[in-house]
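*Asks:* If you want the building blocks of each chain, they are given just below.
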Amino acid sequence: MIKGLVKPRWLFAGAAVGFLLCCILGRAASRHDFYKNFVRFNPFLNAAGDYYPTIDQMRQIAFAQCPRDKILVIVGGDSIFHGCGQPDDKLWTKTLQRDLGDRYRVINFAFPGSPPPGPGIMAAQSLLQSYPKVIFCCNIMATDLQQLPEDRWYRYLFWDAYYKGRAAISPARLAAAYATMHDRDRDKADASVKARASTQFDSWFYFRDLWDFVGYRWCFTIWNGETSLRKLNLFRPRKDCIYGYVPVSFEEREKEWEAKTPVYQDFMRKQGEHFRALVTKDSAGNWVENNADGWGSFDRAIELSIPEELRQHTLVAHLPINPWVTQRFVDKYTQDCLLGVEELAIKHFEAVGCSAVRCDDLIPSDYMDNGHLVSQGGDRVAGEVAAATQSLAARLGYLNGEGKSTP
Amino acid sequence: MKPFVKTAFSLLLGLLLGVFLHYLLYRISLPLEPFIYASF
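In order, the protein sequence lines correspond to chains A and B.
Note that my numbering has the first sequence beginning at 47, numbered continuously upward.
Note that my numbering has the second sequence beginning at 112, numbered continuously upward.
Just chain A, with the same shape it has in the complex:
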């Protein structure tokens, strides 16, 4: 029936025009900041909600929020620096902004589920070309030493920056990214191939930018249990979805932790073995490295995940595991080993040119669980990070009115 109704030549012409129009609109969407009053990529705006922001969107957020004469502070990292456990109005990066003052602009590009330094580093590297004064700050815990830098959910942002020419990628990083496509784990290899190929297509057709824009402004078309069905947000534009964290008293949190005792015991037993294998104390009482392979792979992870030109601009904040957990579930010697691992890990970051700060003042009531912080802990970390950021800014010559040129 439709055969008599359509003229194939016009149908194909229309399809070509429609597709081309979408590509143009996608490209246009990538060139302005459509996130009004961006705070962070909350679960409606990250992989938890099937929403995948692009490198151009991150760049546009920075351009909209940070004038070129300010010191741009990009916060990367994982769910801890993302502020899981903290409502938007009491988010630690807001305290950091207040502590740093008007000379700085703090932007939270930390993503839950991504191992530090997280995909925010791609945005920071890319923005080094556009801003004379950039500082990148990310968190790390001793437990992260085992999983850097494989990023299951946001690996596409690496390819996004690469294919759109937003960041220079070293041959070693590129080779490591290609190597994930030949992983022995077939699913992991397939996911890597798909992330690369789809992102290459996106660099030609700009479909992520267009449909993210549509989903953010007008109508989000992907349903998932976490953000759509359970919270009755079907079709609701993501700009209207508010993700709230309900504050829980310390007593209630402690009860939850008590209930999780077997989980924490098992977790700390495995971590304890790992820490004890990594360090030992010499006769003078100093920590020395005990496992050359373990530290070697850690060094390689640092080199691959923090680009050389960004290292002198990078501040790594070391956050301890909740002391309520460590003090209960590991012996004194293992607790000491944990401190030794932290101390040596920081030296490894400093050896490649990064700066580091240890946020050791945290107390159990600062935590939501074994690693995430409530607002009180976030405020404490913000104070430490602010002081370290100011020191780094001074070292980079940012406070004299001139930014150091990048190598």
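Take every hint as true, because none was put in to throw you off.
Each computed DSSO-like pair below joins lysine-lysine, with the alpha-carbon atoms no more than 27 Å apart:
| no. | chain 1 | residue 1 | chain 2 | residue 2 |
| --- | --- | --- | --- | --- |
| 1 | A | K53 | B | K117 |
| 2 | A | K393 | A | K378 |
| 3 | B | K113 | A | K53 |
Derived Cβ-Cβ restraints for the label pairs, each shown as a range:
| no. | chain 1 | residue 1 | chain 2 | residue 2 | range |
| --- | --- | --- | --- | --- | --- |
| 4 | A | D345 | B | L123 | 58 to 64 Å |
| 5 | A | R114 | B | A119 | 46 to 52 Å |
| 6 | B | L132 | A | A214 | 31 to 37 Å |
On the chain A side, residues computed to face chain B include the following (Cβ under 10 Å):
| no. | residue |
| --- | --- |
| 7 | W56 |
| 8 | G64 |
| 9 | T245 |
| 10 | F253 |
Hints listed in this document are in silico derivations from the structure and should not be mistaken for laboratory results.
Since the structure is predicted, the reported quantities are computational estimates derived from the model, not experimental observations.
Positions of the beta carbon are idealized from the N, C-alpha and C atoms, including for glycine.
Assemble chain B onto chain A, guided by the hints.
*Replies:* Relative to chain A, chain B alone:
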């Protein structure tokens, strides 16, 4: 049916098809594995 109407209809249908193909690319690009994030 008048040729003009047929042409306009074909063009409009084509436009919708083009938009749908663009959207399809977006959907295909999404990761297959669900986001599983465990914190404790």
